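Trainee: Listed below are the residues making up each chain.
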Amino acid sequence: MSTETFSFDSSGLETLIQTLKSAGYLTLGPICRDGAIVYDEISGVSDLPQGWGDEQAPGVYRLKERKDQALFGYAVGPQSWKKYLHPPRLRLWRARQLENKLQIEKEETAVPRYALIGARACEIAAIQIQDTVLAEGPYADNTYLARRKALLIVAVQCTAPAATCFCTSQNTGPGVTSGADLILTEVLQEGSPHYLAQAGSPQGAEILEKLAFEKACSEDLKAAEQALVQAEQRISRQLQGEIARQTLQNASHDPHWQTLGERCLSCSNCTMVCPTCFCTSLEDLTTLGGEAERWRQWDSCFNLSFSYMGGGHIRQSPASRYRQWLTHKLVHWQDQFDSSGCVGCGRCISWCPVGIDLTEEVKQFAPPKSENMPERA
Amino acid sequence: MNPDPMLPAIWEVSAVKRENTLTATLELTGNQTFAFAPGQFNMLYLLGLGEIPISISGPAHEPQHLIHTIRAVGMVSRALTEVKPGTQLGVRGPFGSHWPLTAAEGQDLVIIAGGLGLAPVRPVIYKVLQEREKYGRVWLLYGARNPAEILYSEELHTWRSQFDLEVRLTLDRGDEHWRGAVGVVTTLIPRLALDPSCTLAMVCGPEIMMRFVAQALETEGLKQEQIYVSLERNMHCGIGLCGHCQLGPDFICKNGPVFRYDQVAKILTLREV
Amino acid sequence: MQIKEDLIRKQRYFKDLELKHLQALALNAEESHWEAESYIFRIGESARHFYLIGEGSVSLEMHAAQRGMVRIQTLHAGDILGWSWLFPPYKWHFDARVLEPVRGLVFDAETFLDQCEIDHELGYQIQKRFSRMMVERLQATRLQLLDLYQTGEEK
Chain E
1 MSTETFSFDS SGLETLIQTL KSAGYLTLGP ICRDGAIVYD EISGVSDLPQ GWGDEQAPGV
61 YRLKERKDQA LFGYAVGPQS WKKYLHPPRL RLWRARQLEN KLQIEKEETA VPRYALIGAR
121 ACEIAAIQIQ DTVLAEGPYA DNTYLARRKA LLIVAVQCTA PAATCFCTSQ NTGPGVTSGA
181 DLILTEVLQE GSPHYLAQAG SPQGAEILEK LAFEKACSED LKAAEQALVQ AEQRISRQLQ
241 GEIARQTLQN ASHDPHWQTL GERCLSCSNC TMVCPTCFCT SLEDLTTLGG EAERWRQWDS
301 CFNLSFSYMG GGHIRQSPAS RYRQWLTHKL VHWQDQFDSS GCVGCGRCIS WCPVGIDLTE
361 EVKQFAPPKS ENMPERA
Chain F
1001 MNPDPMLPAI WEVSAVKREN TLTATLELTG NQTFAFAPGQ FNMLYLLGLG EIPISISGPA
1061 HEPQHLIHTI RAVGMVSRAL TEVKPGTQLG VRGPFGSHWP LTAAEGQDLV IIAGGLGLAP
1121 VRPVIYKVLQ EREKYGRVWL LYGARNPAEI LYSEELHTWR SQFDLEVRLT LDRGDEHWRG
1181 AVGVVTTLIP RLALDPSCTL AMVCGPEIMM RFVAQALETE GLKQEQIYVS LERNMHCGIG
1241 LCGHCQLGPD FICKNGPVFR YDQVAKILTL REV
Chain Y
2001 MQIKEDLIRK QRYFKDLELK HLQALALNAE ESHWEAESYI FRIGESARHF YLIGEGSVSL
2061 EMHAAQRGMV RIQTLHAGDI LGWSWLFPPY KWHFDARVLE PVRGLVFDAE TFLDQCEIDH
2121 ELGYQIQKRF SRMMVERLQA TRLQLLDLYQ TGEEK
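Chains as they are written, first to last, in my numbering: chain E, 1 to 377; chain F, 1001 to 1273; chain Y, 2001 to 2155.
Hints are computed from structural coordinates only; laboratory data are not their basis.
Below are the DSSO-like pairs computed for lysine-lysine, each with C-alpha atoms no more than 30 Å apart in a straight line:
no., chain 1, residue 1, chain 2, residue 2
1, E, K101, F, K1084
2, E, K101, F, K1017
3, F, K1266, E, K369
4, F, K1223, E, K369
Covered stretches of chain Y (chain F as the covering partner; in silico rule of three or more C-beta atoms under 8 Å from a C-beta of chain F):
no., segment
5, 2074-2083
6, 2139-2146
Here are the in silico distance ranges between beta carbons for each label pair:
no., chain 1, residue 1, chain 2, residue 2, range
7, E, E262, Y, E2121, 51 to 61 Å
8, F, T1029, E, K369, 55 to 65 Å
9, F, F1163, Y, R2012, 20 to 30 Å
10, E, A110, F, E1154, 50 to 60 Å
11, F, R1260, E, K369, 24 to 34 Å
12, F, T1158, E, K106, 37 to 47 Å
13, E, E242, F, T1102, 35 to 45 Å
14, E, E105, F, S1153, 38 to 48 Å
15, E, E283, F, E1082, 14 to 24 Å
16, F, P1063, E, L285, 31 to 41 Å
17, F, F1163, E, E242, 53 to 63 Å
18, Y, E2037, F, R1271, 42 to 52 Å
19, Y, R2012, E, E283, 53 to 63 Å
20, F, E1154, E, L285, 33 to 43 Å
Bear in mind that the values here come from a model prediction, so they are computed numbers and not experimental data.
Using N, Cα and C, we set each Cβ at its ideal position, and we do this for glycine too.
Bound-form chain E, shown alone (with noise of 0.2 Å):
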């Protein structure tokens, strides 16, 4: 598979795009809407973001205008594509009874063909994390892993990222290294973007090899490399991702949890916006010709309801829900899976309405007593 990195601009990111659609693919990609910038299917580079760029901090996000033409000059918004690949609304099956006879059908659609354009380095880490818990479980999600197969991948190399972005610390960006059929950089020449490509995969290769763009000349490699060592500065937010686990392992008894309950609205924008939350509730909805179907939908841990259990709920209190959430993101999903469950988007930080931050709360927990190493469950 070469490595060779190929250049074009806007005209040519819009031939890919419609290589990609002519190919079948259903394009997805980042648009501007209702004040920020989210997913949808896009017909070309004309529904990109031009010229925006984002400003986030704790439990605030605000697209700002740039000075340049740049289209992908933002960090994250509110969407992961996780509503593509784990749909916030499936039916499963319908049901009906004949003559005393209970009778079920499974839901058949379409596997969608999604080509993503513009996925950032944090966005695929999420990716394969989801991949683990959905895909590679002793059983599988049967959609998950339809719409995963069927997926290209076109990912963009973070420039600019923001002040909530702490990638760097979890190891998972903002550069992609894997995970990606394609591998754009976004260069601006005197305001005008420029791309870079790369093949991430064998179907990757092909397609630049169809498309037979030019041959990236150095000072673009250059300002590349640049571009991507000033977005790593950029980043200033950290989270001690592994002293973290080690506190919150022992502290369930630590009188933060308290604090965090007080201010925390268990509102669930955390959960909905967090690429690699997974949880969903089965629902059985039944129509007027007596008919029930089962519909899966995301559900979120800070629902009350979520840990109902015939008598009760199991976790009442606000302070015990986030203790919930933050354990699993940062503890049990190690046990669970083998990595943290948290790829530092900073999603979570911007979107809470509270502004909660999570790099700095897991600060406030007793540290862990060095002589006192905390065993495994």
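Model the placement of chains F and Y on the given structure of chain E, informed by the hints.
Mentor: Here is chains F and Y on its own, set in the frame of chain E:
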């Protein structure tokens, strides 16, 4: 078992036995055999109402029937205790871990159940009786709330009459006719003369009861590694994908419901986890 | 004498008693037996004895108006019956009715208590063991109070 674990298979209720005012045992028959290991559970679905996890409590060596004992604690369970024979249900499973019957071979076995907890261990009793020579001394200790709520009372009588099985029953509350023991099930443990060097314990009942039973067993010299418990949490998918049933790092549907006690002893003392 | 000592030694908490204390206990004990349905003691009666059940079973009961006889707990072989002899007013708080015929030991608590006042070591060793039994009984009673099997359980 159906290849898609999210799609229920159709089974029909062939018999219903009322155990007491709140509890009923359903016998299900299907056009398929069903292999399960004692301790596993199924998700049972009733059209239009919903789906709940129920342990399988029949004999594992009779795969043409599925037996489930259900207590009415919510809308779906109540409806399940009131079904008539001929009703068709959806069944997904079997899911979960099982009682360590292989590890128990050659050992003494003490089975301790409280209340409805007798249902998930009944397949163990059936297996032990069927292959009695594989196990050493076997005790069944059962604690129930009051005389009316003794589960499987006819079978208890039958088991009690086995010469090679010790059955001891105690109630939290007797009534004016009750001639037997009154007191919590932990009080039965010191009287067993257990040999901790070759004993395995299988415990099932409310969480508090299991903790105190484990403590009493430890007082008799058993290690936590020799004690097994069966836990439960809110379940939706039953296959480790929906996240509901997590207890610390464990998914009750995937790593449990049967756990070796040393792996869960600490977390069971925590509140709201 | 030996029979009494052996019976006392079999009791869980007395088995590690020093010989001299064991003998002191045994000296205050008499073998006895009670028929089924007889009362070992009744509520309100003077509590100047305690009992060690060798075989048989006893029901600790109380009569509640409208509810009738309520059985609090059953005691069996190896159990000690009676604590009310330890402290004033030295009166029984429950009925102790025999279920299965009982053979066991009855201890003269009054004499024994006088001995403990003189021999504090003896007193301490016995009090230690009685408090342990009481703590266990209390623990078990608390569990009974929780009415554990009543909470919704779905399996």
